[in-house]
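4 protein chains.
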Amino acid sequence: MGSDQSNNLEFLKEIGLGSTNIGGFINGQWKANGSSVTSVNPSTNQTIATVTEATVIDYEEGLQACSEAAKTWMTIPAPKRGEIVRQIGDALRAKLDPLGRLVALEMGKILAEGIGEVQEIIDMCDYAVGLSRQLNGSIIPSERPDHMMFEVWNPLGIVGVITAFNFPCAVLGWNACIALVCGNCVVWKGAPTTPLITIAITKLISEVLERNKLPGAIFTSFCGGADIGQAISKDRRIPLVSFTGSSKVGAEVQKTVNERFGKCLLELSGNNAIIVMDDADIKLAVRSIFFAAVGTAGQRCTTCRRLFLHESIYANVLDQLAGLYKQVKIGNPLEKGTLVGPLHTRSSVENYKKGIAAIKSQGGKILTGGSVLESDGNFVQPTIVEISADAAVVKEELFAPVLYVMKFQNLEEAIALNNSVPQGLSSSIFTQRPDTIFKWIGPRGSDCGIVNVNIPTNGAEIGGAFGGEKATGGGREAGSDSWKQYMRRSTCTINYGSELPLAQGINFG
Amino acid sequence: MGSDQSNNLEFLKEIGLGSTNIGGFINGQWKANGSSVTSVNPSTNQTIATVTEATVIDYEEGLQACSEAAKTWMTIPAPKRGEIVRQIGDALRAKLDPLGRLVALEMGKILAEGIGEVQEIIDMCDYAVGLSRQLNGSIIPSERPDHMMFEVWNPLGIVGVITAFNFPCAVLGWNACIALVCGNCVVWKGAPTTPLITIAITKLISEVLERNKLPGAIFTSFCGGADIGQAISKDRRIPLVSFTGSSKVGAEVQKTVNERFGKCLLELSGNNAIIVMDDADIKLAVRSIFFAAVGTAGQRCTTCRRLFLHESIYANVLDQLAGLYKQVKIGNPLEKGTLVGPLHTRSSVENYKKGIAAIKSQGGKILTGGSVLESDGNFVQPTIVEISADAAVVKEELFAPVLYVMKFQNLEEAIALNNSVPQGLSSSIFTQRPDTIFKWIGPRGSDCGIVNVNIPTNGAEIGGAFGGEKATGGGREAGSDSWKQYMRRSTCTINYGSELPLAQGINFG
Amino acid sequence: MGSDQSNNLEFLKEIGLGSTNIGGFINGQWKANGSSVTSVNPSTNQTIATVTEATVIDYEEGLQACSEAAKTWMTIPAPKRGEIVRQIGDALRAKLDPLGRLVALEMGKILAEGIGEVQEIIDMCDYAVGLSRQLNGSIIPSERPDHMMFEVWNPLGIVGVITAFNFPCAVLGWNACIALVCGNCVVWKGAPTTPLITIAITKLISEVLERNKLPGAIFTSFCGGADIGQAISKDRRIPLVSFTGSSKVGAEVQKTVNERFGKCLLELSGNNAIIVMDDADIKLAVRSIFFAAVGTAGQRCTTCRRLFLHESIYANVLDQLAGLYKQVKIGNPLEKGTLVGPLHTRSSVENYKKGIAAIKSQGGKILTGGSVLESDGNFVQPTIVEISADAAVVKEELFAPVLYVMKFQNLEEAIALNNSVPQGLSSSIFTQRPDTIFKWIGPRGSDCGIVNVNIPTNGAEIGGAFGGEKATGGGREAGSDSWKQYMRRSTCTINYGSELPLAQGINFG
Amino acid sequence: MGSDQSNNLEFLKEIGLGSTNIGGFINGQWKANGSSVTSVNPSTNQTIATVTEATVIDYEEGLQACSEAAKTWMTIPAPKRGEIVRQIGDALRAKLDPLGRLVALEMGKILAEGIGEVQEIIDMCDYAVGLSRQLNGSIIPSERPDHMMFEVWNPLGIVGVITAFNFPCAVLGWNACIALVCGNCVVWKGAPTTPLITIAITKLISEVLERNKLPGAIFTSFCGGADIGQAISKDRRIPLVSFTGSSKVGAEVQKTVNERFGKCLLELSGNNAIIVMDDADIKLAVRSIFFAAVGTAGQRCTTCRRLFLHESIYANVLDQLAGLYKQVKIGNPLEKGTLVGPLHTRSSVENYKKGIAAIKSQGGKILTGGSVLESDGNFVQPTIVEISADAAVVKEELFAPVLYVMKFQNLEEAIALNNSVPQGLSSSIFTQRPDTIFKWIGPRGSDCGIVNVNIPTNGAEIGGAFGGEKATGGGREAGSDSWKQYMRRSTCTINYGSELPLAQGINFG
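Chains as they are written, first to last, in the numbering used here: chain A, 26 to 534; chain B, 26 to 534; chain C, 26 to 534; chain D, 26 to 534.
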């Protein structure tokens, strides 16, 4: 399969992939009439396999079937929908290793993280099964005799999910597990550069639907580019579009969806900081910064990109970090011991280079790293940069393992620095003082959606709500009450008496 | 006061109004440098009083003070903020009659509704006091040992509230009561044509703040026009803008606010239907339709504008309705017995005339009403129109007492008709069958935010969430978990151990 | 295995049972030093297998290990505990058929119900897995600056579960699934007459614990009699005892547990009524009454024992019921087509006979049934009795398929009759009128814990809370917030500032 | 009024009290046929006024009226009931000072605490008003098509409240505010030694009921002794009895109520500890211990009775405490500057004396205090005792200002000491380490219902749930979901279709 020599690709067969693959699952059939694209191994830039993408005409066919399927799916009792999601979880569990391997191969993250990503969908399935008996509405006391007030949650119908390359399947999992138990069909467009993952996950879900004699169109999926994304954004049949990607593209998607009064669930750019206080457990902090800054080669939305060190521990922490950066094993993500894989594409490497140049021109001092590695793959050096908080680059998300380090003198200053960028996804503080912890998570603390203490900025659990404020888009996925976004709320007042009392005691006629 | 001869305006003094008034409450001071406008009595088109509007420069001064006040207000414990809102409620209660009278005078709704509107703010205050001890976050079990996961709710800082003439103060109440207990300052722009209400309510709130030695800038308010609205929409210091108005303007506000990654809470156009089934309690239905269609002279966002009658009871219901329409007393809203007051402005009357013309040109048959009344005021006849559901006018919100009547044969058809317009605010069915009730409130029932049974489309209680889907904008105000929109959610993971286990069991380094 | 000739018992091996079995799982070992008892097939009164029961000394050994294991189990993160429960669910799923068969064989219920009972534990496991990430505490706003208020839920330690023969494993499932994810060890005493089920379920759970290298003592189980039950009730190491059985024994258990300030979760006697209104769907009502009254041979706690028929449909419903009663197939519960199996024991048959005699002596008229069937097994005729609501027998729970029928004239009378017994478990009404439905479930309606409409009194779903009021004991199991009973709640106020403000504004010193 | 010369008792008239008073409010009338008792000022042991107590015959008359009133009250919409409670809150607010003064006079606590106690009822009223729109049931997804599952909360009918002398009105407030908005009538028996408070509070509530033309029997109250308490406990018309008092009497009440399958809400003895870690803010700790141990003369259920000091700060803390104890002003609670008032009765003084003797005989060393003061009143010295944790007296609640001090070496030991008594009400730790805080509030931390950090054991806010575990009785009052105890939960499944699918997929016939 493919021309890639560096890996044994036999495992792809286990998850239904071949050397050529069809990139559209439409009305329960594999079908795609678009151009043929290649899936490329970022470690070698060799082809893994080819995929035929879907066209906008394919999309329309898919959506018609999906709309029809929605009428069925939404009337199936939620716990029965939960049972389907449970079976999807079991199917994933049975293929955890090859799926995790595929994520590592096609996206470029290390195997442990590839498997972790698939595990996250499994966790989501397990969670959603329980949720399927808890999508509770409310019975609210009415001020009028012989009246009852209900808050009822009904399915939306169809949820569109547009995901990014860096979490090529977990984000689908966050959305699809919840959307499905909530009674919605799912329309998925995976990232253009990770089509094999899109296909593998879709196959597995489609098999569960088939085994249960349910319409395949309940889960409709497309490999494709911006035209499919645009079609989803404009489609009035899709009340909710969940989009993961940059703030720039997200803003466009939001505008398009809002123009038709649709809703968005946005997971956009992050620019996440770690603050290390003078009283911090330095060992814990250093390990965390290292994982947060170089893990996934800096390509998580929760990657730590800004580091604020109290002046008293500044040199110490930087020394220890530099030591780790120098020893870190960069290479094939499927090899044991590798901690840093390649950037995802050649254009990511170009971006890194442009970023480094901008850093230098804006007065940044490169403490370690800063170069592209000589290889066929997209490998770059994890980089630490000393720079002013005012530099323009510091306000932007550079999607690569580049860490900006800055010094501060007290908590207020550190929080102000943390909050001084447009993005508001994740943030973390290292401290041992309760008052610092509670200020950090309080009204005048971090303005992010994720506010950690003594752990990295990345590595969220599914039980909480994941997402961020400001230019990160405000969406919340996975746990807590995120499910409410996937449903339509109605406030129902039922008069079962024969009188007509009015609210606020109004007398009319 | 003013030149209006038709009413005794002495009561305006009780609530702090004079013949000239300053339309800006800025940094705790009454101040406004804009043009002088008149508040007009819609029953007579005579001037009640004059008001100096605020300018954009006034706005900027107000916002700077407000931003400063926000730092104080957000750190006051929520139950203490609740105590302030309780005092506001008591202050309103003490002035219920003159305030209700002012609403009737300046907006044009009948006195019972004017008092009901003020009562609604009082109810909101009482409700918000309790809420101030229940703005609960969550403690979520972490999958990692020695970790705790919190979901914390913090204040946003400042909430902008832009309200419309038809509920010139209740909508402020929905927003401000919740926003304040949640720890936010409020910036209010009232409707340009109801400045006296804006000033009267602001005075009363400002006095409570003063009595408690709190910065007046916690509540900042402006009489003014689109320039002030625009300034609010664009202002990065205002994370949430709550806007009530037409879908058209709302879409613009949303676009502007989203461009800066702010959030909107939209209460836009409705186009609300009542369905009467063959088994309905006809007496209850007729009374409800009448109140829903002619109440507030058809100027509620929840006014019933479309009526779907089962063919078997079509003639009967129309006969009874026509009878009521012919007898209804139209006139001075402050006079006893009046059920229909004037439209709010002369341009509303023009709009009504254009609507009637369009109806006729699109094949609508006017069953009763259809004319403007001869008078100095803005009085029009409540109107019933027989028309096809396909007519373009039926898809739009005509803000006047015009009711479109259509016939149907079965529940599915009636629900499809109900759902066939762009708006999705309120809807109601009259039936005595449980299966019809539960289908109506279920996944394939009404697609509106408010889904009633055996009561009118209007007259919501504050305990539920108020708002609508689709072109109505998706916002939810007042009860249920609406308060969450006024707060910033953060998911906090706290590691209190000395190890660094990762989520999803990932092993890194 | 055993001497029973009527069934192929080979399947018992699949679930780890032999002809002799050890009835104690203590500190991860199978061990029991009590007397040997036989498990008897109620269809034949032949022995299935023998079981050695545990002694009070065995109990003490088990509890010491369990107390030790509790320290470990409670500190394992809840989602990890959920993963164990998920594996238990999968293990049950793999043995659904033989386990269901065993329930039918040993308890005597028909196979469909036997399998349904095991399915219910599986459903509980799936539900509990989701719950393991949602055992949420609260963060409550404090009235004091620099204070936070938490409501935290911690494990109790050990939960004692004493179950009855009629649901020999489902009730364990309700309790154990929730207790385990909540962080508690479980001590189970199954019914003395269903030891094989106790052992089979315990084996399966113990294997999951072993596979995960967890202490076996997390799940400690005993076959035994009243001495073990008493030991549990008195044991100060067991903060919560969940007991299912008669009101009489339950009251004793409660007294014993309360004396040591322990807590009880009681599921006691029911005396459940169905009301059929004049407007009811008679076909639906008759099918429901039939299932509710004769299903499980009248040995469910939710069995319908009292039937209130509106006078206008009295004769019609009774006729249809009598027809069904005459045709119902009574016999071996493992045979296809059987709807009524045997009573569980010979003493149940004696009880039935005594009941029939008392009915007759109290003026009851037997409309159908009333006799014991000639056979080696414990078969009796399902019975319908016309009797006055005032008869003493009507106030008691006769654990057999005997249905008391009474006539009424209006809803108020029917509700009064429903509420006129000491028990308060389940109740059901058949009607098509919304006002009747809402009155029935409202403040002056049924006083039971389960209040159904147009379904039988039995057959609860796990998503709701199961249990009843008054002499039924007030416990609630399975869904909703039942989990809170398995945890210890603490209200924590944390001062992270350096001042000491007091609540209610008190000034001290 | 009365013969007390030490205070100006004119203020009693303001709250409706005279020199003789009737101690029963029965069916809306003041009426009592029992013996005449005197209310005594504990500072002087002089009579304040006399009160005629109610008899058991009066009780029966009251309960009959109350049962009748319950039928009305439970059908009034909850928000309307909330409005009544709001008016009660306003009535209390208007009399805050004289009521607080009466509490100080009759109970003996200092004026600031007397006013604080009344303020707590006012807070409860405000809270309950909001709650009256939030007594929400749930709509739970059913696994069966065309079925809906509801969890509905209905009123219990009547709630019995038996309160103790130390919080003669706040505990009534906790219970009555919630019970009333939940739709229950209240039957109150105040403490026999604080009849004037019982009467004053009842008067004020009765006036609100009267003003609203509601039956006075909604609130029924008795001054009386054990016979009235017993009557309440045995009364089948009272589904819930809320009892505050000693563990010993509480156990009796529980037994009596349970025998008739009623429910109890118990607030019994506490034996509350403060732990001071080596890293604590000593100043904060000392102030807190002082308030917790000597406040209310040691007569709060949350009074700190046990003090565990880390060995490294043992001497320092004791020194500072001893200093405060020596200077504390003991005397007339109505006088400015007094921090310690009298014990409530002469028998409390006897009890204190016996306690001191037992302490000495069990090896306790009195570090400061230990004597009764010479005076006409019931004044004793606040006392600090060094004693072994094993001494029998340390396991008991001595209701007087006696503090046992013990030394420890590490957190585990301190927690074990905290948990080593039968009672489980309140507990507190002083520390600055997050790991200590989270262990303390975690599964292996304090086993109490109230688990504080850096604040005293006493002084709870109403937003949380108040109450304790083990011999403290397990009840929870005031905030959180305490309201659920005052309601009857029903799980309702409504079939609105025409089929009869069964749960767990069972097929029957």
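In short, the hints are calculated from the structure, not lab data.
Positions of the beta carbon are idealized from the N, C-alpha and C atoms, including for glycine.
Do not rely on the hints blindly, as some may be mistaken.
Claimed, not checked - If you anchor each label on the Cβ, the simulated ranges turn out as follows:
no.	chain 1	residue 1	chain 2	residue 2	range
1	B	ILE82	A	GLY388	45 to 53 angstroms
2	D	LYS38	C	GLY530	46 to 54 angstroms
3	B	SER337	C	SER396	52 to 60 angstroms
4	B	ASP252	A	ASP506	48 to 56 angstroms
Claimed, not checked - Straight line, CA to CA, 25 angstroms or less: simulated PhoX-like cross-link-like pairs of lysine-lysine:
no.	chain 1	residue 1	chain 2	residue 2
5	C	LYS288	D	LYS509
6	D	LYS280	C	LYS273
7	A	LYS420	B	LYS105
8	A	LYS385	A	LYS420
9	B	LYS105	A	LYS273
10	D	LYS120	B	LYS105
11	C	LYS509	D	LYS420
12	B	LYS120	D	LYS105
13	D	LYS288	C	LYS288
14	A	LYS273	B	LYS288
15	A	LYS273	B	LYS120
16	B	LYS280	A	LYS509
17	C	LYS120	A	LYS509
18	C	LYS280	D	LYS361
19	D	LYS280	C	LYS288
20	C	LYS105	A	LYS120
21	B	LYS120	A	LYS509
22	A	LYS420	B	LYS273
23	C	LYS280	D	LYS288
24	B	LYS273	A	LYS280
25	A	LYS259	B	LYS280
26	C	LYS288	D	LYS259
27	D	LYS38	D	LYS361
28	D	LYS420	C	LYS259
29	D	LYS361	C	LYS509
30	A	LYS288	B	LYS105
31	A	LYS280	B	LYS259
32	B	LYS120	A	LYS288
33	C	LYS120	A	LYS105
34	A	LYS509	B	LYS308
Hint by hint, here is what the structure shows:
Between ILE82 of chain B and GLY388 of chain A, the C-beta spacing of about 37 angstroms breaks the proposed range 45 to 53 angstroms. The hinted range of 46 to 54 angstroms is not satisfied by LYS38 of chain D and GLY530 of chain C, whose Cβ atoms lie roughly 27 angstroms apart. In this structure the supplied range 52 to 60 angstroms holds for SER337 of chain B paired with SER396 of chain C, their Cβ-Cβ distance being about 54 angstroms. For the pair ASP252 of chain B and ASP506 of chain A, the beta carbons lie near 38 angstroms from each other, so the given range of 48 to 56 angstroms is not met.
For a cut-off of 25 angstroms, the pair hint linking LYS288 of chain C to LYS509 of chain D stands: about 17 angstroms separates their Cα positions. Of the pairs offered as hints, the one joining LYS280 of chain D and LYS273 of chain C holds, with about 15 angstroms between alpha carbons and a cut-off of 25 angstroms not exceeded. Under the criterion of a C-alpha separation no larger than 25 angstroms, the hint pairing LYS420 of chain A with LYS105 of chain B is inconsistent with the structure, at around 37 angstroms. At most 25 angstroms may separate the alpha-carbon atoms for a hinted pair to count; LYS385 of chain A and LYS420 of chain A meet this at roughly 15 angstroms.
Straight-line distance between C-alpha atoms of LYS105 of chain B and LYS273 of chain A comes to about 41 angstroms, which puts the hinted pair past the 25 angstroms bound. In summary, the hint linking LYS120 of chain D to LYS105 of chain B is supported, as the alpha carbons are separated by about 21 angstroms, within the 25 angstroms threshold. About 28 angstroms separates the Cα atoms of LYS509 of chain C and LYS420 of chain D, which puts this hinted pair outside 25 angstroms; it is violated. About 21 angstroms separates the Cα atoms of LYS120 of chain B and LYS105 of chain D, which keeps this hinted pair within 25 angstroms; it holds.
Between the alpha carbons of LYS288 of chain D and LYS288 of chain C the distance comes to roughly 12 angstroms, so the proposed pair stays at or under 25 angstroms and holds. As the CA atoms of LYS273 of chain A and LYS288 of chain B are separated by approximately 17 angstroms, the hinted pair is consistent with the 25 angstroms bound. For the hint pairing LYS273 of chain A with LYS120 of chain B, the CA-to-CA distance comes to about 50 angstroms; that exceeds 25 angstroms, so the pair is violated. Of the supplied pair hints, the one linking LYS280 of chain B and LYS509 of chain A holds, its CA atoms being roughly 24 angstroms apart against a limit of 25 angstroms.
A threshold of 25 angstroms between alpha carbons decides the hint, and for LYS120 of chain C with LYS509 of chain A the separation of about 36 angstroms lies outside it, so the pair is violated. In summary, the hint linking LYS280 of chain C to LYS361 of chain D is not supported, as the alpha carbons are separated by about 49 angstroms, beyond the 25 angstroms threshold. Straight-line distance between C-alpha atoms of LYS280 of chain D and LYS288 of chain C comes to about 13 angstroms, which keeps the hinted pair within the 25 angstroms bound. A distance of roughly 21 angstroms separates the Cα atoms of LYS105 of chain C and LYS120 of chain A; the hinted pair therefore holds under the 25 angstroms criterion.
For the given pair, LYS120 of chain B sits about 39 angstroms from LYS509 of chain A by alpha-carbon distance, which is inconsistent with the 25 angstroms threshold. A threshold of 25 angstroms between alpha carbons decides the hint, and for LYS420 of chain A with LYS273 of chain B the separation of about 34 angstroms lies outside it, so the pair is violated. The suggested pairing of LYS280 of chain C with LYS288 of chain D holds, with an alpha-carbon distance near 13 angstroms, which does not exceed 25 angstroms. Between LYS273 of chain B and LYS280 of chain A the alpha-carbon distance is near 15 angstroms, which keeps this suggested pair within the 25 angstroms criterion.
Taking the CA atoms of LYS259 of chain A and LYS280 of chain B, the gap is near 16 angstroms; set against the 25 angstroms cutoff, the hint holds. Restraint check: the Cα-Cα separation between LYS288 of chain C and LYS259 of chain D comes to about 21 angstroms, which is no more than 25 angstroms; the hinted pair holds. Under the criterion of a C-alpha separation no larger than 25 angstroms, the hint pairing LYS38 of chain D with LYS361 of chain D is consistent with the structure, at around 23 angstroms. The hinted pair formed by LYS420 of chain D and LYS259 of chain C meets the criterion: a straight-line CA distance of about 20 angstroms does not exceed 25 angstroms.
Proximity of LYS361 of chain D to LYS509 of chain C is assessed by CA-CA distance (about 46 angstroms); at most 25 angstroms being required, the pair is judged violated. Of the pairs offered as hints, the one joining LYS288 of chain A and LYS105 of chain B is violated, with about 36 angstroms between alpha carbons and a cut-off of 25 angstroms exceeded. A hinted pair counts as satisfied when its Cα atoms are at most 25 angstroms apart, and LYS280 of chain A with LYS259 of chain B qualifies at roughly 16 angstroms. Distance restraint check for LYS120 of chain B and LYS288 of chain A: the Cα-Cα separation of roughly 41 angstroms exceeds the 25 angstroms cut-off, and the hinted pair is therefore not satisfied.
Pair hint LYS120 of chain C plus LYS105 of chain A holds up; C-alpha atoms about 21 angstroms apart against a cutoff of 25 angstroms. A C-alpha spacing of about 38 angstroms is found between LYS509 of chain A and LYS308 of chain B, which places the hinted pair above 25 angstroms, so the restraint is violated.
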